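*Asks:* Could you build the full structure based on these sequences and the hints that come with them?
Top line first, the protein sequences correspond to chains A and B.
In this text, residue positions in the first sequence follow our numbering: the first is 54, and each later residue adds one.
In this text, residue positions in the second sequence follow our numbering: the first is 54, and each later residue adds one.
Don't read these hints as lab results, they were simulated from the structure.
Be aware that one or more of the hints could be misleading.
Treat identical chains as interchangeable: a pair holds within one or across any two.
Below 20 Å or equal to it, Euclidean Cα-Cα: the simulated SDA-like pairs (lysine to any residue) are [claimed, not checked]: (1) K489 x F501; (2) K369 x Y300; (3) K365 x T128; (4) K453 x F501; (5) K425 x Q353; (6) K489 x D500; (7) K103 x P195; (8) K118 x Y300; (9) K243 x G326; (10) K365 x L496; (11) K489 x P505.
Remember, predicted model here, so these are calculated numbers, not experimental data.
Here is what each chain is made of, one letter per residue.
2 protein chains.
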Amino acid sequence: MTTIDNPSTHTGNPYIDPYLNVPVNDPYIIVSADSHAGLPTADYREYLEKKFHPQFDEFLAERDKALEVSTMLGTRNEDYAKKWFEEHEEALRSGWEATRRDQELDGDGVAGEIIFPDADAVESRTCVPFGAGLGMSGDMDPELGLAGSIAHNRWLAELCSQSPERRRGMALVPITADLPRVLAEIRRAKDSGLGGVMIPAMWVNQLPYHDRHYDPVWALCEELNMPISTHSGPASRDEYDNHLGIYVTEVVWWPARPLWFMLWSGVFERFPGLRFGVTEAGCWWLPPQIWFWDRLALGQKGTEKLGGDPFKGAIKMLPSEYIDRNVFIGASNTKRRELGMRYEIGVGNIMWGNDFPHPEGTWPNTRAWLKKTFHDIPIDETRLMVGLSAAELFSFDLAKLKVHADRMAPCPSDFGQVTDADPTAQRLTDRWSPVKEVGRHWLTDHDFSLIP
Amino acid sequence: MTTIDNPSTHTGNPYIDPYLNVPVNDPYIIVSADSHAGLPTADYREYLEKKFHPQFDEFLAERDKALEVSTMLGTRNEDYAKKWFEEHEEALRSGWEATRRDQELDGDGVAGEIIFPDADAVESRTCVPFGAGLGMSGDMDPELGLAGSIAHNRWLAELCSQSPERRRGMALVPITADLPRVLAEIRRAKDSGLGGVMIPAMWVNQLPYHDRHYDPVWALCEELNMPISTHSGPASRDEYDNHLGIYVTEVVWWPARPLWFMLWSGVFERFPGLRFGVTEAGCWWLPPQIWFWDRLALGQKGTEKLGGDPFKGAIKMLPSEYIDRNVFIGASNTKRRELGMRYEIGVGNIMWGNDFPHPEGTWPNTRAWLKKTFHDIPIDETRLMVGLSAAELFSFDLAKLKVHADRMAPCPSDFGQVTDADPTAQRLTDRWSPVKEVGRHWLTDHDFSLIP
Numbered sequence: 054m055t056t057i058d059n060p061s062t063h064t065g066n067p068y069i070d071p072y073l074n075v076p077v078n079d080p081y082i083i084v085s086a087d088s089h090a091g092l093p094t095a096d097y098r099e100y101l102e103k104k105f106h107p108q109f110d111e112f113l114a115e116r117d118k119a120l121e122v123s124t125m126l127g128t129r130n131e132d133y134a135k136k137w138f139e140e141h142e143e144a145l146r147s148g149w150e151a152t153r154r155d156q157e158l159d160g161d162g163v164a165g166e167i168i169f170p171d172a173d174a175v176e177s178r179t180c181v182p183f184g185a186g187l188g189m190s191g192d193m194d195p196e197l198g199l200a201g202s203i204a205h206n207r208w209l210a211e212l213c214s215q216s217p218e219r220r221r222g223m224a225l226v227p228i229t230a231d232l233p234r235v236l237a238e239i240r241r242a243k244d245s246g247l248g249g250v251m252i253p254a255m256w257v258n259q260l261p262y263h264d265r266h267y268d269p270v271w272a273l274c275e276e277l278n279m280p281i282s283t284h285s286g287p288a289s290r291d292e293y294d295n296h297l298g299i300y301v302t303e304v305v306w307w308p309a310r311p312l313w314f315m316l317w318s319g320v321f322e323r324f325p326g327l328r329f330g331v332t333e334a335g336c337w338w339l340p341p342q343i344w345f346w347d348r349l350a351l352g353q354k355g356t357e358k359l360g361g362d363p364f365k366g367a368i369k370m371l372p373s374e375y376i377d378r379n380v381f382i383g384a385s386n387t388k389r390r391e392l393g394m395r396y397e398i399g400v401g402n403i404m405w406g407n408d409f410p411h412p413e414g415t416w417p418n419t420r421a422w423l424k425k426t427f428h429d430i431p432i433d434e435t436r437l438m439v440g441l442s443a444a445e446l447f448s449f450d451l452a453k454l455k456v457h458a459d460r461m462a463p464c465p466s467d468f469g470q471v472t473d474a475d476p477t478a479q480r481l482t483d484r485w486s487p488v489k490e491v492g493r494h495w496l497t498d499h500d501f502s503l504i505p
Numbered sequence: 054m055t056t057i058d059n060p061s062t063h064t065g066n067p068y069i070d071p072y073l074n075v076p077v078n079d080p081y082i083i084v085s086a087d088s089h090a091g092l093p094t095a096d097y098r099e100y101l102e103k104k105f106h107p108q109f110d111e112f113l114a115e116r117d118k119a120l121e122v123s124t125m126l127g128t129r130n131e132d133y134a135k136k137w138f139e140e141h142e143e144a145l146r147s148g149w150e151a152t153r154r155d156q157e158l159d160g161d162g163v164a165g166e167i168i169f170p171d172a173d174a175v176e177s178r179t180c181v182p183f184g185a186g187l188g189m190s191g192d193m194d195p196e197l198g199l200a201g202s203i204a205h206n207r208w209l210a211e212l213c214s215q216s217p218e219r220r221r222g223m224a225l226v227p228i229t230a231d232l233p234r235v236l237a238e239i240r241r242a243k244d245s246g247l248g249g250v251m252i253p254a255m256w257v258n259q260l261p262y263h264d265r266h267y268d269p270v271w272a273l274c275e276e277l278n279m280p281i282s283t284h285s286g287p288a289s290r291d292e293y294d295n296h297l298g299i300y301v302t303e304v305v306w307w308p309a310r311p312l313w314f315m316l317w318s319g320v321f322e323r324f325p326g327l328r329f330g331v332t333e334a335g336c337w338w339l340p341p342q343i344w345f346w347d348r349l350a351l352g353q354k355g356t357e358k359l360g361g362d363p364f365k366g367a368i369k370m371l372p373s374e375y376i377d378r379n380v381f382i383g384a385s386n387t388k389r390r391e392l393g394m395r396y397e398i399g400v401g402n403i404m405w406g407n408d409f410p411h412p413e414g415t416w417p418n419t420r421a422w423l424k425k426t427f428h429d430i431p432i433d434e435t436r437l438m439v440g441l442s443a444a445e446l447f448s449f450d451l452a453k454l455k456v457h458a459d460r461m462a463p464c465p466s467d468f469g470q471v472t473d474a475d476p477t478a479q480r481l482t483d484r485w486s487p488v489k490e491v492g493r494h495w496l497t498d499h500d501f502s503l504i505p
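*Replies:* This is the structure we're talking about:
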């Protein structure tokens with residue numbers, strides 16, 4: 054009924070399973086499932102269709118207002134910004150320069166990366182034209198939003214053409230815009246070498262993602278093997294005034310929301326090969342949510358009054374089974390609490406990322422962060438979460454990534470997982486084995502989670 | 054810094070602490086923090102101000118449409134409804150008849166109850182006029198919404214005047230309506246004997262609950278010792294089409310949402326005596342949320358860029374401390390997974406309820422459900438969760454409740470907590486003591502929750 058005993062539920066890539074049998078202390082093949090790149094905004098001009106240049110001038114002129122809003126809310130602090138840009142002036146060019154970028158990846162021990170927009174998360178100096186980018190949502194002007202997205206996608210394909218074996222770019226596609234043009238842009242993006250599709254987290258006043266209107270989008274992404282993801286950014290900003298705590302609470306909810314719209318309306322049932330992800334929204338909210346959903350599907354107390362099949366045939370498996378087959382979590386800087394619940398979330402569903410080059414990420418101290426976070430996690434599971442699952446999902450060539458990893462990546466002994474006293478890290482496997490056995494407790498006849 | 058070592062954080066009632074020292078097998082004083090009462094809709098006429106009678110006739114005529122919508126979504130199943138009303142015809146009169154109601158409470162072993170509206174959750178035969186009731190939200194017609202609420206409140210005060218020692222009625226108050234009239238209704242409700250205030254879970258197009266506009270409401274409820282609660286019901290229905298799974302997922306989110314609007318905007322800091330609750334939305338979502346909030350307040354990785362005090366002085370304690378002081382969860386039919394996490398949620402914050410007389414609740418089999426759910430929970434904690442915390446919050450007279458409990462309530466031995474082999478239930482205390490010691494792990498220097 055469930056696949057929790059198998060840490061990797063993504064078995065499409067023949068490299069992975071053998072790779073788990075490499076020598077125990079082989080370097081990690083690290084793939085950041087959440088990194089960011091973008092041009093200094095004014096430089097997008099040459100990638101933008103000419104007819105939009107007048108609107109682009111207006112957009113550039115109005116950017117200062119956006120900065121004021123951000124300062125008011127408290128997501129921007131002037132002193133911090135000044136220091137950040139002074140201290141990292143050179144390194145931050147990695148946001149758009151491939152050679153410099155490779156140096157920073159190497160410094161962090163990262164072999165490959167999945168690239169989202171908006172390199173600068175401090176002052177939005179690299180924001181995509183017209184509100185496309187991390188904050189894009191259904192209330193963008195559909196024509197301008199698509200134009201801005203295309204400009205970014207064109208540039209991103211160029212970036213990814215340098216060290217292509219290390220990069221997968223996420224095409225920006227505001228799928229709430231005109232459908233034929235949306236589909237055309239997905240095809241164009243794929244042809245240009247991009248590896249996935251980032252969609253707006255919020256549809257706002259457009260059709261919700263349960264609507265069959267979007268079936269051609271899902272079908273095309275499935276056909277082209279383009280994983281889809283939302284990313285933290287949009288939120289119901291108008292409702293928060295200047296209360297940062299409300300914003301931070303909800304900015305992880307909105308990107309997750311499409312997950313249950315797609316799940317319960319049967320998108321994953323109709324498109325079994327579609328892969329949908331939620332990026333940089335953590336995975337701490339997921340364990341109880343999966344429990345809640347599975348119980349709902351299994352007919353918990355309270356569903357008697359619903360009768361027959363209350364889901365009208367939309368789903369045929371347990372929600373947790375769709376999670377394992379169709380869903381990934383770009384969990385970014387994974388927290389210890391989250392790792393403690395990985396057997397409920399699904400080890401193969403969690404993809405670590407360094408959020409490079411954002412200050413809330415682990416760059417440029419990724420090696421230390423990884424050691425701190427993963428030091429007592431079994432090595433095979435660590436391999437999946439820090440890279441192999443993302444590599445498989447985005448069809449990286451593992452042999453090529455390994456060349457980079459062998460040069461500069463940390464090994465299990467660097468994380469303290471392998472020691473002289475325990476060269477096979479058996480103690481870690483032993484420690485977690487009862488927890489793994491309980492797994493999703495509601496499916497293994499346990500009343501409670503087991504967490505050490 | 055935190056109060057997790059003290060299972061009862063509500064120390065206002067002098068009865069509780071001594072009561073925890075009663076003989077180990079004393080009957081439980083059970084208070085349902087979530088029950089429902091309401092008149093058959095047409096009967097609200099005599100409680101409704103005359104000038105609204107014409108609109109009431111229209112409202113009655115249109116009720117069938119609401120039933121159709123509910124059938125389409127799948128929350129109503131015709132066969133089930135038929136059976137439900139046939140089998141429980143007599144018992145369901147307890148929805149509005151006090152004497153019959155007391156019989157049903159006794160049958161369930163319940164001494165006291167907190168009463169929300171809408172006795173009938175199968176076909177809404179007892180819905181409050183004009184959309185007031187469980188589903189009320191900010192987009193109701195403000196004048197009609199208030200009129201319907203007042204009609205219900207008038208009737209509810211009558212109901213509560215029978216066996217008043219067993220009942221606390223929640224006044225319906227659409228606080229998004231005209232403020233002076235809102236305040237007047239809260240005063241009137243208090244004077245009439247009602248014990249708390251149910252507010253709309255969703256403000257929709259009205260002011261969000263962080264707005265200082267509502268400060269007079271919070272101040273008055275604090276002054277009058279009227280706990281406030283949302284209740285599961287409203288949801289963003291227009292976005293769900295006929296997908297029940299989406300609705301069920303979100304109908305627990307919307308009533309919880311005001312919690313973080315109030316918390317992060319400092320409502321609980323400004324009104325330390327205010328008590329706010331979320332009812333019938335479970336408490337399974339709360340443990341990771343409290344962890345997330347406390348980490349945010351403690352300056353987790355990622356907040357460096359926010360500088361200084363990013364919350365602008367709105368909060369002065371940890372979110373978990375406000376939860377312990379100001380917040381309660383009407384957790385209704387508490388789930389075992391939730392109980393496993395009670396030291397993170399706060400034992401004193403969880404209030405069990407039977408959701409009587411709704412079919413998704415435990416009535417008329419509450420005794421069996423309680424045994425199944427609480428059989429291995431320490432007795433003193435069980436006492437708090439099944440009744441003492443609610444009794445204290447709503448200022449019940451425990452001595453009077455005890456008279457009822459002594460007549461008919463189950464004892465710890467009925468739940469299997471006390472046995473011949475272990476007459477003090479020491480094994481339960483021992484079993485959970487390491488879990489209690491870890492508590493909110495992020496505050497006790499542990500990386501992970503401990504759950505057996």
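*Asks:* Now look at each hint and say whether the structure bears it out.
*Replies:* Now the hints, each set against the structure:
| no. | hint | in the structure |
| --- | --- | --- |
| 1 | K489 x F501 | both (13 Å within a copy, 15 Å between copies) |
| 2 | K369 x Y300 | between (36 Å within a copy, 18 Å between copies) |
| 3 | K365 x T128 | between (43 Å within a copy, 12 Å between copies) |
| 4 | K453 x F501 | neither (43 Å within a copy, 36 Å between copies) |
| 5 | K425 x Q353 | between (39 Å within a copy, 15 Å between copies) |
| 6 | K489 x D500 | both (15 Å within a copy, 18 Å between copies) |
| 7 | K103 x P195 | within (17 Å within a copy, 50 Å between copies) |
| 8 | K118 x Y300 | within (19 Å within a copy, 37 Å between copies) |
| 9 | K243 x G326 | within (17 Å within a copy, 58 Å between copies) |
| 10 | K365 x L496 | neither (23 Å within a copy, 45 Å between copies) |
| 11 | K489 x P505 | both (11 Å within a copy, 14 Å between copies) |
In summary, the numbered hints that this structure violates are 4 and 10.
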